[in-house]
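Chemist: Residues per chain, in single letters:
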Amino acid sequence: MGVIMLLLLASISVAGSFLAAFIWSVKSGQYDDEQSPPIRILFDDSVTDKD
Amino acid sequence: MQQSPISASAVSCFHCGEDCGQIQIQAHGKYFCCEGCRMVYELLNSKGLCDYYSFNQTPGNNQRIPVRSDKFQFLEDDPIQRSLISFRNDTQTHVSFYLPQVHCSSCLWLLENLHRINPGVMSSKVNFERKEATVVFDHHVISLRAVAELLTSIGYEPYISFHDMQKKKPVQDRRKIYRLGVAGFCFANIMLLSFPEYLGIDIKEAHLLNFFRYVNLGLSLPVFFYSAAEFYTSAWQALRHRFLNIDAPIVLAILVTFFRSVYEVYTGTGSGYFDSMTGIVFFMLAGRVLQDRTHKQLSFDRDYTSYFPIAVTRVNDTEQHSVSLSEIKLNDTLLIHHQELIPADGILTRGKALIDYSFVTGESAPVMKEMGEMVYAGGRQMAGNIEILVIREVAQSYLTRLWNRDVFSKEKDSQTSFVHALSRWFTWIVFAIAAIAGTYWMLHDETRMWNAITAVLIIACPCALLLSNTFTNGNILRQLSARKLYLRNAAVIENLADIDTIVFDKTGTLTTGVSEDVVYDGRPIPAPIRRKIATLAAQSTHPLSKSILQWAGESLQDVSLAFREESGKGIEGMVDGDLIAMGSAAFITGKEDTHETLAAVYLSVEGKFMGCFRFRNHYREAIPALLQELKQHYHLVVLSGDNPGEEANLRQMLGREAALYFRQQPEDKLDKLKLLQEQGHSVMMIGDGLNDSGALKQADVGMALADNTNHFTPASDAIIDAQVLPKLYRFIQLCRANRRIVMAAFLVSIVYNITGLWFAVQGNLSPMIAAILMPSSSLSILLITYGFSNMASRKLLPET
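Chain order of the listed sequences is G and U.
The C-terminal position of the first sequence is numbered 51 in the numbering used here, with every residue numbered one higher than the one before it.
The C-terminal position of the second sequence is numbered 851 in the numbering used here, with every residue numbered one higher than the one before it.
Please note that the accuracy of each hint is not assured.
Within a straight-line C-alpha distance of at most 30 Å, the following computed BS3-like cross-link-like pairs (lysine-lysine) qualify [said to hold, decoys possible]:
{"no.": "1", "chain 1": "U", "residue 1": "Lys-122", "chain 2": "U", "residue 2": "Lys-380"}
{"no.": "2", "chain 1": "G", "residue 1": "Lys-27", "chain 2": "U", "residue 2": "Lys-723"}
{"no.": "3", "chain 1": "U", "residue 1": "Lys-176", "chain 2": "G", "residue 2": "Lys-27"}
{"no.": "4", "chain 1": "G", "residue 1": "Lys-27", "chain 2": "U", "residue 2": "Lys-380"}
Incomplete in silico selection of chain U near chain G, CB under 7 Å [to be verified]:
{"no.": "5", "residue": "Ser-156"}
{"no.": "6", "residue": "Val-177"}
{"no.": "7", "residue": "Asn-178"}
{"no.": "8", "residue": "Phe-179"}
{"no.": "9", "residue": "Tyr-229"}
{"no.": "10", "residue": "Phe-236"}
{"no.": "11", "residue": "Tyr-491"}
Now the in silico label distances, taken between C-beta atoms and shown as ranges [to be verified]:
{"no.": "12", "chain 1": "G", "residue 1": "Tyr-31", "chain 2": "U", "residue 2": "Lys-403", "range": "25 to 35 Å"}
{"no.": "13", "chain 1": "U", "residue 1": "Gln-288", "chain 2": "G", "residue 2": "Ala-20", "range": "27 to 37 Å"}
{"no.": "14", "chain 1": "U", "residue 1": "Asn-815", "chain 2": "G", "residue 2": "Leu-7", "range": "26 to 36 Å"}
{"no.": "15", "chain 1": "U", "residue 1": "Phe-482", "chain 2": "G", "residue 2": "Trp-24", "range": "23 to 33 Å"}
{"no.": "16", "chain 1": "G", "residue 1": "Ala-20", "chain 2": "U", "residue 2": "Asp-722", "range": "54 to 64 Å"}
{"no.": "17", "chain 1": "G", "residue 1": "Ala-20", "chain 2": "U", "residue 2": "Asn-815", "range": "33 to 43 Å"}
{"no.": "18", "chain 1": "G", "residue 1": "Tyr-31", "chain 2": "U", "residue 2": "Phe-482", "range": "37 to 47 Å"}
{"no.": "19", "chain 1": "G", "residue 1": "Ser-25", "chain 2": "U", "residue 2": "Asn-700", "range": "51 to 61 Å"}
{"no.": "20", "chain 1": "G", "residue 1": "Tyr-31", "chain 2": "U", "residue 2": "Ala-676", "range": "18 to 28 Å"}
{"no.": "21", "chain 1": "G", "residue 1": "Tyr-31", "chain 2": "U", "residue 2": "Ala-280", "range": "16 to 26 Å"}
I should point out that these hints are in silico values taken from the structure, not numbers from a laboratory.
Model, not experiment: these values are computed from the prediction.
Positions of the beta carbon are idealized from the N, C-alpha and C atoms, including for glycine.
Take these sequences, add in the hints, and give me the full structure.
Modeler: Right, dumping it as structure tokens:
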């Protein structure tokens with residue numbers, strides 16, 4: 001009994017933290033632009049910065 | 052750097068990739084088509100930003116038309132600055148610019164490295180879908196105007212319109228997504244916690260069972276009160292307008308399910324249907340979210356303010372000021388630069404105007420205006436700078452008057468979808484079944500009566516219909532936009548399926564509006580003279596000269612040339628010893644030509660009349676074939692702002708039944724549309740310019756045509772890329788298939804409903820059966836709608 005309660009609490013809080021993460025990611029605008037991040041990640045960090 | 056006239060094989064510009072033509076600029080071992088492109092290259096080279104060219108070949112934007120150096124002077128004006136800036140504190144300012152030129156990964160990279168060109172810029176971030184760059188800069192180091200000029204100097208001229216100043220951008224509504232997230236979370240957990248009960252928990256652990264039931268009740272509360280609120284408000288709003296939409300029976304089912312479940316848990320008689328309820332809310336919200344995914348890069352709500360510049364130059368005695376459009380008063384004198392839009396009606400007081408009204412009237416040829424003549428708002432000045440005296444303010448001008456008509460103030464009714472009518476039928480049938488089951492059990496076993504009635508209402512809500520409708524709509528919208536037809540929302544699919552009349556604008560829609568076919572009629576022209584004509588035509592700024600130049604071929608290089616151009620009349624010149632003149636009938640022959648309907652340019656060589664050039668509109672490719680196909684199924688109408696010069700040609704393409712109207716003012720177009728609708732037609736209008744705005748708004752489906760979807764299109768229900776216009780009929784067929792697919796999915800779901808009803812009327816619908824039926828019916832609907840709509844779109848419109 002006790003152990004099931006504990007597991008239940010753990011599973012719901014883990015799922016709850018995922019829900020919070022989801023809402024945060026939407027709120028911070030991560031899904032507003034789905035085109036630039038995949039391009040941006042391919043850029044090198046200024047290798048040819050000579051000046 | 053040197054200029055070298057190489058006429059060998061075409062060389063393309065290192066920066067923008069366009070053909071360099073005859074004048075090539077060579078610098079750093081690379082070729083450029085113009086000074087502008089070279090300057091951008093040199094700027095990037097000096098800052099070590101030539102990686103720009105390594106991500107994509109020739110990523111630049113053509114710089115042939117230089118931007119006026121004081122163009123962004125208005126950004127020094129305080130009220131304008133305040134309206135554009137999104138955030139400012141002591142050390143930094145945030146501003147977002149719309150940059151229509153953004154098109155590739157190089158653009159993204161360069162625009163996010165702005166800080167390396169100017170240290171005053173702290174950071175910049177591009178939103179690729181919206182083509183927007185948000186720049187954070189230190190306003191002590193660099194001014195807003197300088198930021199705009201910096202962007203312009205690398206080929207990304209910000210587009211700032213009057214519209215940006217008027218209202219703040221709408222904040223994206225993300226509530227539906229939060230609601231979906233919460234519903235998903237609760238649904239999954241409730242399902243998990245329901246398993247022990249379904250799989251048969253040990254009778255010794257009954258207290259645990261009760262605990263699970265209460266946890267489920269707790270988890271269903273956020274769904275009931277928060278996630279499903281979407282449906283409550285929609286149903287309530289419709290009811291207030293005395294309309295029963297599909298959300299009303301759904302709300303009824305949610306309420307019945309919830310309260311019966313609470314009752315069961317409270318009395319300890321059962322576990323309730325929490326998993327079915329949260330599941331259906333989750334699936335329905337998912338359908339709505341998918342259906343409402345809009346095209347962020349496109350705007351369907353542009354009015355004239357998006358076309359107008361944010362500021363114009365006002366001339367006071369000797370000084371010039373940039374003022375915002377709303378500050379323009381009567382009797383102000385405005386300086387209109389070359390290629391600028393006239394913002395208010397006025398009288399020409401200085402300079403000669405060559406005004407292109409195609410934007411407002413659809414007339415393809417620019418008109419000449421002399422000093423003292425009226426010029427109207429919306430025209431674009433094509434030849435040099437002019438000054439006008441304002442006689443009507445912006446809001447009262449000829450063009451903007453159109454927007455004061457009531458058609459622009461009312462929203463289109465979106466509650467006409469067939470699913471609402473269907474759901475009403477469905478609901479009455481369900482009520483009837485519930486009543487019959489209730490009466491039966493009242494007579495036979497009263498204890499089962501409420502059980503049976505509520506179970507019927509739970510199992511037979513029209514959720515399946517809503518699901519199949521939203522998922523099909525969402526998928527069809529996506530399929531259409533993958534093929535470059537962008538619809539404003541799902542309601543347009545149905546409207547498009549129902550039309551019986553198609554109205555076309557001519558200039559810019561049926562015709563390309565840019566290039567014209569030149570037909571020469573007269574005595575034969577020897578080849579050397581032909582090249583001399585080209586040389587002379589190249590000197591003129593008149594748009595018809597450009598068409599003649601194209602017709603005549605390459606112009607001569609390094610020839611002795613002396614010419615005189617009389618604006619609006621013609622051009623006359625000595626080209627390598629030959630006297631050539633081209634122009635209006637009066638300019639060449641001395642007599643007006645009165646019975647000419649097409650635009651014509653007369654030609655004389657050595658004072659002798661040779662013949663004349665006539666200009667025919669150049670129809671878009673495949674337009675004749677499209678019209679041929681459409682005229683078999685639809686009533687076709689052409690509303691043109693142009694003169695009837697093309698009537699015979701159009702008549703031939705459209706057939707005898709089509710109605711052709713010429714010289715239609717924007718308001719005439721609107722009224723013609725209204726008339727057609729009053730005659731009981733369901734009308735689609737296809738147009739491209741501001742002059743069609745009224746008609747586009749009035750039509751059942753207003754479709755704006757764009758050669759480039761980044762360009763500005765008037766407010767409309769749909770935007771179609773000019774390339775795919777020939778497939779119009781197939782698009783309409785796909786929209787028609789939409790309804791059949793919804794019905795097919797709905798019929799399949801009814802099988803599940805009948806199975807459920809079988810248990811429900813007997814009063815023994817167990818939560819487990821409901822929990823199996825609900826997700827399996829939802830999933831099969833999802834598969835059917837996706838499968839069928841993908842199949843239909845692939846069959847009708849194979850992707851190339």
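Chemist: Give a verdict on every hint.
Modeler: A quick look at each hint next to the structure:
1. A C-alpha spacing of about 21 Å is found between Lys-122 (chain U) and Lys-380 (chain U), which places the hinted pair at or below 30 Å, so the restraint holds.
2. Between Lys-27 (chain G) and Lys-723 (chain U) the alpha-carbon distance is near 47 Å, which puts this suggested pair outside the 30 Å criterion.
3. Distance check on the hinted pair: Lys-176 (chain U) and Lys-27 (chain G) sit about 18 Å apart at the alpha-carbon level, within 30 Å; holds.
4. Of the supplied pair hints, the one linking Lys-27 (chain G) and Lys-380 (chain U) is violated, its CA atoms being roughly 44 Å apart against a limit of 30 Å.
5. Checking Ser-156 (chain U) against chain G: minimum C-beta separation of about 4 Å stays under 7 Å; hint holds.
6. Proximity of Val-177 (chain U) to chain G holds as hinted, the smallest CB-CB distance being about 6 Å (cut-off 7 Å).
7. With a least beta-carbon distance of about 4 Å to chain G, the hint placing Asn-178 (chain U) at the interface is held under the 7 Å criterion.
8. Nearest Cβ of chain G to the Cβ of Phe-179 (chain U): about 4 Å, under the 7 Å cut. The hint holds.
9. For Tyr-229 (chain U), the shortest C-beta to C-beta distance to chain G is roughly 6 Å, which falls under 7 Å, so the interface hint holds.
10. At a threshold of 7 Å, the smallest CB-CB gap from Phe-236 (chain U) to chain G is about 4 Å, leaving the interface hint in force.
11. The beta carbon of Tyr-491 (chain U) is not positioned within 7 Å of any beta carbon in chain G (closest approach about 42 Å), and the interface hint is therefore violated.
12. Distance hint check: the CB atoms of Tyr-31 (chain G) and Lys-403 (chain U) are about 53 Å apart, inconsistent with the given range 25 to 35 Å.
13. A C-beta distance of roughly 31 Å is found between Gln-288 (chain U) and Ala-20 (chain G), which places it inside the suggested range of 27 to 37 Å.
14. Between Asn-815 (chain U) and Leu-7 (chain G) the beta carbons are some 33 Å apart, a value that agrees with the proposed interval 26 to 36 Å.
15. At roughly 44 Å, the beta carbons of Phe-482 (chain U) and Trp-24 (chain G) sit outside the given window of 23 to 33 Å.
16. Distance hint for Ala-20 (chain G) and Asp-722 (chain U): a CB-CB separation of about 56 Å, consistent with the stated range 54 to 64 Å.
17. Restraint check, Ala-20 (chain G) to Asn-815 (chain U): a C-beta distance of roughly 40 Å satisfies the suggested window 33 to 43 Å.
18. For the pair Tyr-31 (chain G) and Phe-482 (chain U), the supplied restraint of 37 to 47 Å holds, since their beta-carbon distance comes to about 41 Å.
19. Look at Ser-25 (chain G) against Asn-700 (chain U): about 57 Å separates their beta carbons, and that is inside 51 to 61 Å.
20. For the pair Tyr-31 (chain G) and Ala-676 (chain U), the beta carbons lie near 41 Å from each other, so the given range of 18 to 28 Å is not met.
21. Taking 16 to 26 Å as the suggested C-beta distance range, the pair Tyr-31 (chain G) and Ala-280 (chain U) conforms, at roughly 22 Å.
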